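Chemist: This is what each chain is made of:
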Amino acid sequence: MQNTFGNTQQTQWDWRAAGNFMFGGSGGALVLMAAIASWPGVPNLVVGLVALGFVGLGLFLVWLEIGRPWRFLHVFFHPQTSWMTREASVSVLLFAATLSGVLLQTPALLAAAGLLGFLFLYCQGRILRASKGIPAWREPAVTPLIMSTGLAEGAGLLSILLIFSGAGEMWLLYLLMGLLAWRLASWSYYKQRLAANNAPAAALQALDSVNRPHVILGNALPLLLLLTVAVMPDLLQPLALLACILATLSGWLLKFTIITRAAKVQGYALGKLQQGRPTIKPPVRREKDRFVFDRD
Amino acid sequence: MTRYVMIADLNRCVGCQTCTAACRHTNATPPGVQWRKVLDVEWGEFPDVQRLFMPVGCQHCADPPCMHVCPSTATAQREDGIVTIDYDLCIGCSYCTVACPYQARYKVDKPEFAYGDLPTENEAKRFDERTLGVAQKCTFCSDRVDAGVAQGLTPGIDPEATPGCVNACIADALSFGDIEDEHSNVSELLAENTWFQMHAELGTEPGFYYLWEADDKRQGTSRVNMDVQDTQG
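If you're matching them up, the sequences are chains A and B in order.
If you number the first sequence the way this note's numbering does, the last residue is 411 and the count never jumps.
If you number the second sequence the way this note's numbering does, the last residue is 254 and the count never jumps.
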């Protein structure tokens with residue numbers, strides 16, 4: 116990237132947009148984890164409702180942010196290229212499959228819901244990656260980071276629910292350990308790529324400000340606690356609970372920081388000088404793809 | 022085919038902001054919204070300091086990221102390359118704003134006027150409620166271009182078919198025209214001068230070119246730290 120100037124903070128997406136990534140991502144992953152944990156059965160209604168509650172809360176928060184909230188149905192008009200349209204479409208199917216799956220006690224529907232929860236999370240990662248105006252978001256390494264943290268949060272939330280209901284699962288805690296390791300690696304790689312691509316210094320500073328709490332309190336400590344539980348299963352309830360809470364909160368902190376504090380705009384720059392009449396790339400001309408309706 | 026582009030000659034621009042004022046008058050944009058603005062850029066260390074003025078705004082990219090991300094199809098592209106916003110379709114999600122690498126888009130949620138609660142005569146005449154709560158940006162004065170073309174006029178040559186900012190420029194620093202016509206004003210300017218596109222490495226193929234001297238000292242400007250004043254109206 117060239118030496119840019121004017122890398123100010125974007126102000127269009129605030130805590131409400133961040134809330135969609137925080138809670139929506141956790142909810143989608145919770146559906147997936149619940150589907151895996153209960154297979155070949157189905158999770159109970161409470162788990163399904165909690166998961167959908169998280170997704171619904173995220174979507175509600177982002178709905179509060181849009182300028183014309185009563186036109187929300189227009190969000191479905193551009194599945195050809197918009198990851199926001201795809202996320203919204205997946206969320207509708209996710210609600211339908213999860214609700215019908217737990218109400219009708221149908222494992223196949225829950226399996227589909229789990230897959231949709233995973234897709235919902237993937238869409239969130241791609242929404243950020245498509246944001247070319249924000250160097251900290253368009254970095255391709257953001258997608259595995261969003262995926263890994265979302266899955267870790269989902270596993271953490273499911274473990275919390277199971278521990279409270281007195282049915283903590285050791286394999287789920289092992290899975291969480293693996294996801295935390297993946298999240299740590301993704302986080303490290305993401306920051307490395309941003310630095311290598313000369314992302315705005317202020318963006319890197321914002322990320323660095325949460326590095327220590329995220330790595331130590333959000334990943335290393337939960338891993339240590341879970342390892343202790345693996346050796347001494349009698350301590351599952353207090354230690355695993357604390358580990359899951361820390362892992363989930365840390366994921367939310369991470370996403371909140373990426374959306375609201377590390378989102379410095381591209382800025383301006385002088386480009387590389389060229390000479391001669393340029394080679395003209397024709398417009399991609401997507402006008403024919405537009406949704407047209409009768410406004411009368 | 023036609024592909025409209027704009028050229029800003031940085032060797033000529035004096036930073037008078039007349040283009041900004043003309044744009045704001047033409048489109049009655051509210052305070053803080055400048056579809057065409059001019060950056061005041063300084064670099065170097067005293068006494069070796071240089072300064073330039075850089076008009077910026079929507080670059081009407083050939084491959085606009087704002088259009089690809091738009092969930093409602095409100096942002097579209099005309100055959101002539103002008104990137105448009107359908108105010109009746111836009112939901113105001115601002116995804117286009119964060120996708121634009123040129124900080125060209127704005128969103129205003131309530132009516133705001135230059136001198137308090139009451140609009141000036143021009144603002145009252147041009148106020149469009151449809152622009153509230155949705156994305157807005159430079160249109161290349163497409164209505165003006167279309168009206169001119171319909172009368173057989175040539176955009177970039179005839180003022181009645183040319184964007185307001187270009188008409189208003191006191192230094193003849195801004196030019197507008199069809200780059201697919203190799204004999205057009207803009208094609209000739211690009212053929213005869215050295216130029217650059219902003220953030221070309223992002224693959225957006227901007228429809229906005231900057232003329233700049235191929236002076237060794239000036240070529241180094243992209244590698245030095247710069248201070249910029251982003252004048253907000």
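Honestly, the hints are just simulated from the structure, not real lab data.
Quick caveat, the model's predicted, so the values are computed rather than measured.
Be a bit skeptical, because a hint or two may be false.
[Unchecked claim] List of simulated lysine to any residue pairs, SDA-like, C-alpha gap at most 20 Å:
no.	chain 1	residue 1	chain 2	residue 2
1	A	Lys396	B	Thr215
2	A	Lys396	B	Arg165
3	A	Lys396	B	Cys37
4	A	Lys396	B	Ala145
5	B	Lys131	A	Lys306
6	A	Lys387	B	Ala145
7	A	Lys387	B	His204
8	A	Lys306	A	Val330
9	A	Lys396	B	Leu223
10	B	Lys131	B	Ala145
11	A	Lys306	B	His204
12	A	Lys387	B	Thr215
13	A	Lys396	B	Lys131
Chemist: Report the numbers of all earlier hints that the structure fails to satisfy, in ascending order.
Modeler: Going through the list in order, the structure violates hints 2, 3, 4, 5, 6, 7, 11, 13 and respects the others.
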